[in-house]
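Student: Listed here are the chains, written in short residue letters.
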Amino acid sequence: MSENIKIIKDATCTFCGCVCDDMELHVDVEEKRIVKAKKACVLGKAWFLEHTIEDAPAAMIDGKEVSIEEAIEEAAQTLVKAKFPITYGLSDTTSEAQREAVAITDYIKGNIDTTTSVCHGPSGLAFQGIGESTSTLGEVKNRADLVIYWGGNPAESHPRHFGRYAVTPKGMFTPGGKKDRTIVLVDVRKTKSSPVADILIKPKLGKDFEVLWALRALVKGKKLADNIEEITGVPLETLEDLAERMKNCKFGVLFFGMGLTMTRGRHFNSGALLALATDLNEFTHFVAKPVRGHGNVTGADNVVSWQTGYPFGVNFSRGYPRFNPGEFTTVDTLANGHADAALIVASDPASNFPKKAIDHLKSIPVVALDTKRTETTKDAHVAFKTSTYGINTTGTVYRMDDVPITLRPAFESPFPDDESILTGIKKRVQELMIAKHQATGASGEAKVAAAFTPL
Amino acid sequence: MAASMRIINGRVYDPTNNIDGEVKEICIKDGKIVDSVTDDATVIDAQGMVIMPGAVDIHCHIAGTKVNASRKLQPEDHRHDVHPGTPFTRSGTGGTVPSTFATGYRYATLGYTTAMEAAATPIGARHTLEEFHDTPVIDKGFYVLLANNIFLQQLLRDNRTEEFDNALAWWINATKAYTVKLVNPGGDEPWKGKKNSNVADIDEKNDEGLSPRQIIEAFITSVDKQGFPKPPHIHCNNLGHSGNYTTTLETMKTAGDMRVHLAHIQFHSYGGELGKNPTSKAKEIIEYVNEHSNITCDVGQVMFGKATIMTADAPLAYVLKGHTKGKWINADTECESGCGIVPFNYQEHIFIHTLQWAIGLELFLMSKDPWRVLLSTDHPNGGSFMSYPKLIKLLMDKSFRREEMKRVNQSALDQCSLRDLEREYTLNEIAIITRAGPAKVLGLKNKGHLGVGADADITIYDEMEDKEMMFNAPRYVIKSGHTIISNHEFVTDFTGKLLHIEPEYDNKIEEVIKPFFESYYSIEFSNYAVNDDYLHDHEVIPSGKV
Amino acid sequence: MIIINGDSKQGKFVVENLILIPGRSSKQGTTLNQGKLKDAYKEVTTTLEMNQDDMDRMKLVDGDEVRLKNETGETKVRCLGKKPEDLPAGTAFIPYGPPSSELMASDTAGCGMPLSKHMIVEIEKILS
Numbered sequence: 077m078s079e080n081i082k083i084i085k086d087a088t089c090t091f092c093g094c095v096c097d098d099m100e101l102h103v104d105v106e107e108k109r110i111v112k113a114k115k116a117c118v119l120g121k122a123w124f125l126e127h128t129i130e131d132a133p134a135a136m137i138d139g140k141e142v143s144i145e146e147a148i149e150e151a152a153q154t155l156v157k158a159k160f161p162i163t164y165g166l167s168d169t170t171s172e173a174q175r176e177a178v179a180i181t182d183y184i185k186g187n188i189d190t191t192t193s194v195c196h197g198p199s200g201l202a203f204q205g206i207g208e209s210t211s212t213l214g215e216v217k218n219r220a221d222l223v224i225y226w227g228g229n230p231a232e233s234h235p236r237h238f239g240r241y242a243v244t245p246k247g248m249f250t251p252g253g254k255k256d257r258t259i260v261l262v263d264v265r266k267t268k269s270s271p272v273a274d275i276l277i278k279p280k281l282g283k284d285f286e287v288l289w290a291l292r293a294l295v296k297g298k299k300l301a302d303n304i305e306e307i308t309g310v311p312l313e314t315l316e317d318l319a320e321r322m323k324n325c326k327f328g329v330l331f332f333g334m335g336l337t338m339t340r341g342r343h344f345n346s347g348a349l350l351a352l353a354t355d356l357n358e359f360t361h362f363v364a365k366p367v368r369g370h371g372n373v374t375g376a377d378n379v380v381s382w383q384t385g386y387p388f389g390v391n392f393s394r395g396y397p398r399f400n401p402g403e404f405t406t407v408d409t410l411a412n413g414h415a416d417a418a419l420i421v422a423s424d425p426a427s428n429f430p431k432k433a434i435d436h437l438k439s440i441p442v443v444a445l446d447t448k449r450t451e452t453t454k455d456a457h458v459a460f461k462t463s464t465y466g467i468n469t470t471g472t473v474y475r476m477d478d479v480p481i482t483l484r485p486a487f488e489s490p491f492p493d494d495e496s497i498l499t500g501i502k503k504r505v506q507e508l509m510i511a512k513h514q515a516t517g518a519s520g521e522a523k524v525a526a527a528f529t530p531l
Numbered sequence: 010m011a012a013s014m015r016i017i018n019g020r021v022y023d024p025t026n027n028i029d030g031e032v033k034e035i036c037i038k039d040g041k042i043v044d045s046v047t048d049d050a051t052v053i054d055a056q057g058m059v060i061m062p063g064a065v066d067i068h069c070h071i072a073g074t075k076v077n078a079s080r081k082l083q084p085e086d087h088r089h090d091v092h093p094g095t096p097f098t099r100s101g102t103g104g105t106v107p108s109t110f111a112t113g114y115r116y117a118t119l120g121y122t123t124a125m126e127a128a129a130t131p132i133g134a135r136h137t138l139e140e141f142h143d144t145p146v147i148d149k150g151f152y153v154l155l156a157n158n159i160f161l162q163q164l165l166r167d168n169r170t171e172e173f174d175n176a177l178a179w180w181i182n183a184t185k186a187y188t189v190k191l192v193n194p195g196g197d198e199p200w201k202g203k204k205n206s207n208v209a210d211i212d213e214k215n216d217e218g219l220s221p222r223q224i225i226e227a228f229i230t231s232v233d234k235q236g237f238p239k240p241p242h243i244h245c246n247n248l249g250h251s252g253n254y255t256t257t258l259e260t261m262k263t264a265g266d267m268r269v270h271l272a273h274i275q276f277h278s279y280g281g282e283l284g285k286n287p288t289s290k291a292k293e294i295i296e297y298v299n300e301h302s303n304i305t306c307d308v309g310q311v312m313f314g315k316a317t318i319m320t321a322d323a324p325l326a327y328v329l330k331g332h333t334k335g336k337w338i339n340a341d342t343e344c345e346s347g348c349g350i351v352p353f354n355y356q357e358h359i360f361i362h363t364l365q366w367a368i369g370l371e372l373f374l375m376s377k378d379p380w381r382v383l384l385s386t387d388h389p390n391g392g393s394f395m396s397y398p399k400l401i402k403l404l405m406d407k408s409f410r411r412e413e414m415k416r417v418n419q420s421a422l423d424q425c426s427l428r429d430l431e432r433e434y435t436l437n438e439i440a441i442i443t444r445a446g447p448a449k450v451l452g453l454k455n456k457g458h459l460g461v462g463a464d465a466d467i468t469i470y471d472e473m474e475d476k477e478m479m480f481n482a483p484r485y486v487i488k489s490g491h492t493i494i495s496n497h498e499f500v501t502d503f504t505g506k507l508l509h510i511e512p513e514y515d516n517k518i519e520e521v522i523k524p525f526f527e528s529y530y531s532i533e534f535s536n537y538a539v540n541d542d543y544l545h546d547h548e549v550i551p552s553g554k555v
Numbered sequence: 603m604i605i606i607n608g609d610s611k612q613g614k615f616v617v618e619n620l621i622l623i624p625g626r627s628s629k630q631g632t633t634l635n636q637g638k639l640k641d642a643y644k645e646v647t648t649t650l651e652m653n654q655d656d657m658d659r660m661k662l663v664d665g666d667e668v669r670l671k672n673e674t675g676e677t678k679v680r681c682l683g684k685k686p687e688d689l690p691a692g693t694a695f696i697p698y699g700p701p702s703s704e705l706m707a708s709d710t711a712g713c714g715m716p717l718s719k720h721m722i723v724e725i726e727k728i729l730s
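Chains as they are written, first to last, in the numbering used here: chain U, 77 to 531; chain B, 10 to 555; chain L, 603 to 730.
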């Protein structure tokens, strides 16, 4: 370790959707690495301490090192040439970069989707049907006296969720911290989160919907079937007790994870939970919140929504955005064999998608941006190694509750950031598309387009 | 493109400079209106056309957290109304809550060159600014929600007036806002903390001993003292409730002779008993406005068809959910704000909806000073900004108005005076309520007029008998000297700039705010204020007492 | 639950159907920061947590290699016992990674997401 240590206060960890912005980073300026990350959880420590500068080419075409300019040119050509180019990923980069990725996809009339589709996509669909009573995390800290986690294991996936936002912190109307709250955990398996709970509920596997629907019925004063325990694995008294607690709390919150969205029922499960939280507002103040995974997946939802009107699974092939989950979502565009080129930003579908989708991905030209070598970048036609958001570059990240936070970088990286690569590709793609438009259209409009370069 | 230009032969409506339809040459250089230009300037022949300053929307909801939640909520609203891109403009989707690009381009296609987002949470300011950067053509700014800010209320409770003034100015600076927005002052705490209840009376005191009136008075006084270019923008208590006009009158009285702007006043002009059908109190409200020159308002006209209710007034949205029985969003912002969203549909056959429509028109038609009673639909709450041309026709064409009146609920019309109102707005008055008036209320000295030194934001319409058609499709739109629309076609893209203010404050106030922040917010104090990277193109409008 | 007992040339083997729940774990999270092509991540994502009673019945001990198989594909992982009260009988947990992808069907039933937390797989001990 060198003696040149710089301290960055109130830095932000972008590893998970908690986006904790109270990090104190100790940076070895000469060695270009973070040597200490105070306040970081186990995941955050790994995130900060393992992101060192590796000696590797910034840009490669088919595994051979090239200049960044050459790689941008090849990326743009590849994407413009394709008939059904797809853009995917985006949850681990800044919203500034996300905006450029949507722009590229718009210009090339491609298909854009984010990791939301394989994470809380079903919750997004449920949201469109039901809406959502929700709040920022500070309101949970200040007010919540009943906190329910459903189908999630924050102790391992979001380690500071309990301590910083929802269980132990002392808030305006919860001065006693955990003493002032009742914590309920609903999960089919015991996890490292279980010890935090005052009440543990273990439904039968795949019976979340039934449990939620039973609670809705109880909240509305309906009688349940006698065999409810047989169906759900949860005793009637437990359900009745929970329903009463929910109706009588001052400020209740339901956090839900992928144990709900990825299992049998999918968007129906999320919908049942959102509907339950909505119903409870007849009696008290009640909110719900999906516990989002990646650092800026919420930003991806926001950016794609404000630019297109839809949160994910968006296709521009007709020259305007269309939304169809199940068709324009990435597992589908790949597994169906529709995609003929891919721009993958800050994501590694080649290591966690279904096998059939991975097989197709490996058969088409891929342009990939990532901070590290992954299954996706290693076989990419054009691969960019980029700097890490929140460690090397600033930009905006949206926390799981839509609160936007500006990142404070710790040290400079020799590699460019996602935004600048994507801006380069965007400019080139737009030039190529205008040229293509002129060649095919040759209309007055095209001439006008050529005469006025975009400002 | 930002070279010099000369617009000849057009009839000019420039109320600020007392030009009412005279044929006059307009010269542009470097994005500004100038006296003259050299002979090599581009010439636009506006023979048979009407030239107006670019329009200014003083109250709309176009960017930020609640707007984006509304977009996500309603895929069905976008599908029927797509917005194709071109090689040099971006695509998008429309409906009542268009995507950012569609919002900017569509405002431009109506001749609007400036629009103000009327309610953004402080903690969401970055989000609003990011969306603004993706909202092309128009200049824009936002009003920041501060009336339910718990820290500011604590300062008021403790009579710490000087610190209140400083903290208010700090918050404006920290968020890059244009002015302060008050929404249902005092109503958040009962909603969030008392099982979804609300404050009912302007003089009802909360647990801290503070009433809505005291909050309103404090903001009006502080803004007046600090000389913001735009007075506080107030969404009164009891919006939408029968009998609320007394609250509205009391709110106006609270201002004394200080400037105040009341938002979407139509929604606040109802008589009758709470919980029962409303009656029109447009006359009582507009008479008060007419007689008090310190008061300005925008109407918040209801237009039939789809709308999206989006408001920081969460209890109101919950009431409406009770009617629609459909999807609903509630979104609480820590220590600062509430929010409710409900997709809505105003229908001609429904008594209340027709009455709301009629009250809006009554307010317009009984207004004596167009400079102070401005055009808005509270987009998208009363209807989309895309319905402004139709609204203009309703105001300018009494025979059209009569035709429209045949289609609506007649017993609602029996309850109000709309049938008796014969007034027709002139083009000059339209130029006032959509341009000169809003710019004046906003304190934007370079907008809303075509005098030398003004921003070259110009709309050129073909003069037509059908005013809806005329205002729907300007032949030319010029923004900051750039021709954006030429012969009805987009010819270039343009970003537009942020308008904001930077009132002075004593930065010792940060030390006062910080401890509260560390205890009750969930992000760090040092990460709260928005830095200058988010400004891009921007203009600081001066504040301070003259 | 289907249990097939039989003989093979190598000796007695057991095939059962399990419900596989892939998910995140903190170790998966920390090791992916080192790099997904590094050994630590590979080890985490090839470790299958099982109900100890299930393992005992199938005569499996910690570290045994098992083959997981379904209509989509198959993969080899090593198993690790969990207390029966922590993980219900008939279920198994694995951190997300390439092995879970091998078994994940691509049909999203119109919602964009594969059914990735409720996968029915056959488990078979690999005899060495």
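Keep in mind the hints are simulated off the structure, nothing from the lab.
Ideal placement from N, C-alpha and C gives every residue a C-beta, glycine not left out.
Each hint should be verified, as a subset may be incorrect.
Said to hold, decoys possible - No farther apart than 30 Å at their CA atoms in a straight line, the calculated lysine-lysine pairs in the DSS-like style are these:
#1 B:Lys336 x U:Lys112
#2 L:Lys678 x U:Lys157
#3 B:Lys506 x B:Lys38
#4 U:Lys326 x B:Lys336
#5 L:Lys685 x U:Lys454
#6 U:Lys246 x U:Lys268
#7 U:Lys448 x U:Lys431
#8 U:Lys108 x U:Lys454
#9 B:Lys523 x U:Lys298
#10 U:Lys278 x L:Lys640
#11 L:Lys640 x U:Lys283
#12 L:Lys685 x L:Lys727
#13 L:Lys644 x U:Lys114
#14 U:Lys280 x L:Lys671
#15 L:Lys685 x U:Lys438
Unchecked claim - If you want the footprint, here are the derived chain B segments under chain U, 3+ residues with CB under 8 Å:
#16 197-203
#17 231-238
Student: Hint by hint, note whether the structure agrees.
Tutor: These are the hints, each one checked on the structure:
no., hint, result
1, B:Lys336 x U:Lys112, "violated (47 Å)"
2, L:Lys678 x U:Lys157, "violated (39 Å)"
3, B:Lys506 x B:Lys38, "holds (18 Å)"
4, U:Lys326 x B:Lys336, "holds (23 Å)"
5, L:Lys685 x U:Lys454, "violated (39 Å)"
6, U:Lys246 x U:Lys268, "holds (23 Å)"
7, U:Lys448 x U:Lys431, "holds (22 Å)"
8, U:Lys108 x U:Lys454, "holds (25 Å)"
9, B:Lys523 x U:Lys298, "violated (49 Å)"
10, U:Lys278 x L:Lys640, "violated (36 Å)"
11, L:Lys640 x U:Lys283, "violated (37 Å)"
12, L:Lys685 x L:Lys727, "holds (20 Å)"
13, L:Lys644 x U:Lys114, "holds (28 Å)"
14, U:Lys280 x L:Lys671, "holds (24 Å)"
15, L:Lys685 x U:Lys438, "violated (40 Å)"
16, 197-203, "holds (count 3)"
17, 231-238, "violated (count 0)"
Hint compliance for this structure: hints 1, 2, 5, 9, 10, 11, 15, 17 are not met, and every other hint is.
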